[in-house]
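Starting from the given sequences, assemble the full structure and let the hints guide the process.
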Amino acid sequence: MIRFEQVGKRYPNGHVGLHELSFRVRRGEFLFVTGHSGAGKSTLLRLILAMERPTTGKLLLAGQDLAQITNAQIPFLRRQIGVVFQNHQLLFDRTVFDNIALPLQILGLPKVEIAQRVGAALERVALHEKAELYPADLSTGQQQRVGIARAVVHRPALLLADEPTGNLDPRLAAEIMGVFEDINRLGTTVLIASHDLALIARMRHRMLTLQRGRLIGDGEAG
Amino acid sequence: MSATRVPPPKPAERVGATPKPKAEKPAKKDDDGPDFQALLHAWLESHRASLVDSLRRLARQPVGSFFTCLVMAIALSLPMGLALLLDNVERLGGSWQRAAQISLFMQLDTSDSEGERLSAEIADMPDVAEAEWVSREQALTELQQHSGIGEALKELPENPLPGVIVVTPEEIDKAGLEALRQRLSELPRVQQAQLDMQWVERLTAILKLGERFVFGLTLILVMALLLVIGNTIRLHIENRRTEIEVIKLVGGTDGYVRRPFLYMGALYGLGAGLLAWAILAFGLDWLNEAVVRLAGLYGSDFALAGVPLGDAVSLVLGAVLLGYIGAWLAVARHLSELAPR
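If you're matching them up, the sequences are chains U and E in order. The first sequence lines up with residues 69 to 290 when you count with the numbering used here. The second sequence lines up with residues -13 to 327 when you count with the numbering used here.
Derived by calculation from the structure, the hints in this document are not laboratory data. A couple of the hints might just be wrong.
[Unchecked claim] According to the in silico footprint, chain U covers these stretches of chain E (three or more CB under 8 Å from chain U):
1. 26 to 37
2. 230 to 239
[What the hints assert, rightly or not] One side of the interface only, derived from the structure: several residues of chain U facing chain E at Cβ under 8 Å:
3. R78
4. P80
5. V84
6. F144
7. V151
8. Q157
Being a predicted model, the structure only gives us computed values, none of them experimental. C-beta atoms are modelled at their ideal positions from N, C-alpha and C, and glycine is treated no differently.
And the structure:
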């Protein structure tokens, strides 16, 4: 699904974000990327999302080299990926329904299909009664679940999450992780960047550990 | 929390498939691609949604939107108003042909029948549009009426004015007019052929200067308009930065991001065009009262013409186009800065 081959990322100011990173992620896998701040977790996600390009090496997403794709192809690549952010990145002037419907509207799906898919996504995150509310009316945990519903509503093959439990208490964090596991069970590859080692240890999934842009560990958490 | 209460959807397996960098298209279904009608419907729906969204955003800030349109409308109405005034001045001075009339002063003993016959002969000439015989009596009557010295003229022992044939030429170029004047002066009974070329040249020069001034002013104000609309759209972009970033992250193309702003620019242009039309119509009507009064003092029934429908429609369409272009330039400039963070 994802293949990093000696991937390096050096910024124009000389800072090295990633050093010759190599690993593979199988289709349908659930894994964490962990490390301290500045370890390179976010850089790794940004590379997969084609927000940045690797300066060295090869980064393959389902066989497609992300260093080679054109700018015009990037939106079409991103339509195959779901992203969950720590700060949710919800649009506060739109209802929960409209927030979740956004990726489907971009795809140009008919209204009926959008309604069906958004309904299903809301069911999956147990927010089906909140569809007409605005994000400001929801708790932080509910907002994060809306973010997850938006990330999976277009049925991506890969779900990326950047510190999705960073702002949540342990109970809510565990709840959100449960949602990710549910999604993973449906066949979606899930890659979560997190520094919450305690939470990761409980999940017992594969964990990549980064330190100053280098991969220093690859094994099962816990 | 585990909430799997719906049939599990099959996750997409399309990462790495050759993407098609075209306009937003519906996602391909698992088996067949969407038909043309579905694609067209999706495209139209996307445009409808962008238009409605832009209208709502403008309606949410009615005062701000109105003043933006008003600023644009004033900038539009200035050159348009000047152009309309120039048209009216041109009309006031008469058409070019009328301004270039040739007066043939006949010998005093020319009879009315001779004058009318010659006038008819001249009217049949190829370069002549019209020829009119003005008899000696008619000329004296007009002079008495318009000169202000009517009583003094009555005291004259005999009519000193000659009969005149007023010739309106087809051509207005200087050489052609001069040649025609020369030919006419050689006709029998013609004492003098007079062409007021100086008047034509002066009027031409004044109107050309006016046109050039309006053109220059139009260019400057068009640039100002593009800046106004560009700045307005830039503020809208800033206000929607998060939304744009999210849209880009979930697969929105630049075209998808750009679309509502283009509609917004066009809507600003539409509002400005309609307001400019209203300003011009009201302004000309307001000015017309004074013009009619002034013209009346000179014995003229001249009145300012309003905004012709064709010009008004062009004004509105031009404003829409300017709004669209201004928005496009603004979005193109700022879109690259809005890479998702």
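Run the structure past the numbered hints and jot down the numbers of the failing ones, going up. 3, 4 and 5
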